[in-house]
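Colleague: Turn these sequences into a full structure, and let the hints guide you.
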Amino acid sequence: MPRLRLKDLRDLSVIVVHPPDADGKALMDQLKRIGCRAELMWPPAKALPSGTDVVFAGVFFESQSALSSMLRKSEKPGPTVIGIVNYENPAMIELVLDINAFAVISKPVRTFGMLTNLVVARSNWMQAADFHDKIGKLEKKISGQKKISKAKSILMEMHKISEREAYGTIRAQAMGKRISVEEMAVAIINANELLSSRPDDV
Numbered sequence: 001m002p003r004l005r006l007k008d009l010r011d012l013s014v015i016v017v018h019p020p021d022a023d024g025k026a027l028m029d030q031l032k033r034i035g036c037r038a039e040l041m042w043p044p045a046k047a048l049p050s051g052t053d054v055v056f057a058g059v060f061f062e063s064q065s066a067l068s069s070m071l072r073k074s075e076k077p078g079p080t081v082i083g084i085v086n087y088e089n090p091a092m093i094e095l096v097l098d099i100n101a102f103a104v105i106s107k108p109v110r111t112f113g114m115l116t117n118l119v120v121a122r123s124n125w126m127q128a129a130d131f132h133d134k135i136g137k138l139e140k141k142i143s144g145q146k147k148i149s150k151a152k153s154i155l156m157e158m159h160k161i162s163e164r165e166a167y168g169t170i171r172a173q174a175m176g177k178r179i180s181v182e183e184m185a186v187a188i189i190n191a192n193e194l195l196s197s198r199p200d201d202v
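Residue 74 in UniProt numbering is what sits at position 74 of the sequence shown, and the numbering runs on without skipping anything.
Don't take each hint at face value.
[As the list claims (entries may be wrong)] Cross-link-like lysine to any residue pairs, in silico, SDA-like; alpha carbons within 25 angstroms at most:
no.: 1; residue 1: 141; residue 2: 102
no.: 2; residue 1: 150; residue 2: 169
no.: 3; residue 1: 107; residue 2: 29
no.: 4; residue 1: 73; residue 2: 127
no.: 5; residue 1: 147; residue 2: 78
no.: 6; residue 1: 32; residue 2: 150
no.: 7; residue 1: 76; residue 2: 107
no.: 8; residue 1: 25; residue 2: 47
no.: 9; residue 1: 150; residue 2: 124
no.: 10; residue 1: 32; residue 2: 47
no.: 11; residue 1: 32; residue 2: 78
no.: 12; residue 1: 146; residue 2: 191
no.: 13; residue 1: 46; residue 2: 102
no.: 14; residue 1: 73; residue 2: 39
no.: 15; residue 1: 7; residue 2: 119
no.: 16; residue 1: 134; residue 2: 114
no.: 17; residue 1: 147; residue 2: 119
no.: 18; residue 1: 141; residue 2: 119
no.: 19; residue 1: 107; residue 2: 60
no.: 20; residue 1: 76; residue 2: 104
no.: 21; residue 1: 140; residue 2: 189
no.: 22; residue 1: 150; residue 2: 160
no.: 23; residue 1: 25; residue 2: 49
no.: 24; residue 1: 107; residue 2: 48
no.: 25; residue 1: 141; residue 2: 104
no.: 26; residue 1: 76; residue 2: 29
no.: 27; residue 1: 150; residue 2: 177
no.: 28; residue 1: 25; residue 2: 106
no.: 29; residue 1: 76; residue 2: 138
no.: 30; residue 1: 160; residue 2: 196
no.: 31; residue 1: 73; residue 2: 164
no.: 32; residue 1: 46; residue 2: 33
Just so you know, the hints here were simulated from the structure itself, not pulled from any lab data.
Modeller: Structure below.
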């Protein structure tokens, strides 16, 4: 499991999406004290700068659409988002959830708690990204196994051989062509579908 170290904060590229008022200045000042590379942006741009790690996002009803659009267009897996709100009610909570915030800071902005929010939010983001990566690998593995099973079934029915023999055939063909077993299975499935199709279907 990835773990954030405090010294890693200095490598973070942070964008503060907030008007350049007292709260925006307080955010920038504290981030610079922490050691982050911070930049103030207002209003929300069409897209975030490449390589943005963290976004402190002011949540306002009038700019929510532009903010959400900007975050959706960000590079995957997307930045760690920390919302900045001036009051709390169901509508504001919906806006915070809409931008997938990992933490929230209330206004007026105070320096106390910013470091903790940043560390906790970034750590949770790293864990979520790690889980997403592992899930993707598992889904790819399961998909590959399904393709191999289907290819084995085709060979077993076509040549009246056992499952073990069918897999051995697929593996031998894959090694001979210097491709993966999954790729060979897909080739067998595609060839079978082509040979099984009627002239009218082509």
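Colleague: Tell me the numbers of any earlier hints that the structure contravenes, in ascending order.
Modeller: 1, 5, 6, 7, 9, 16, 17, 18, 25, 26, 31, 32
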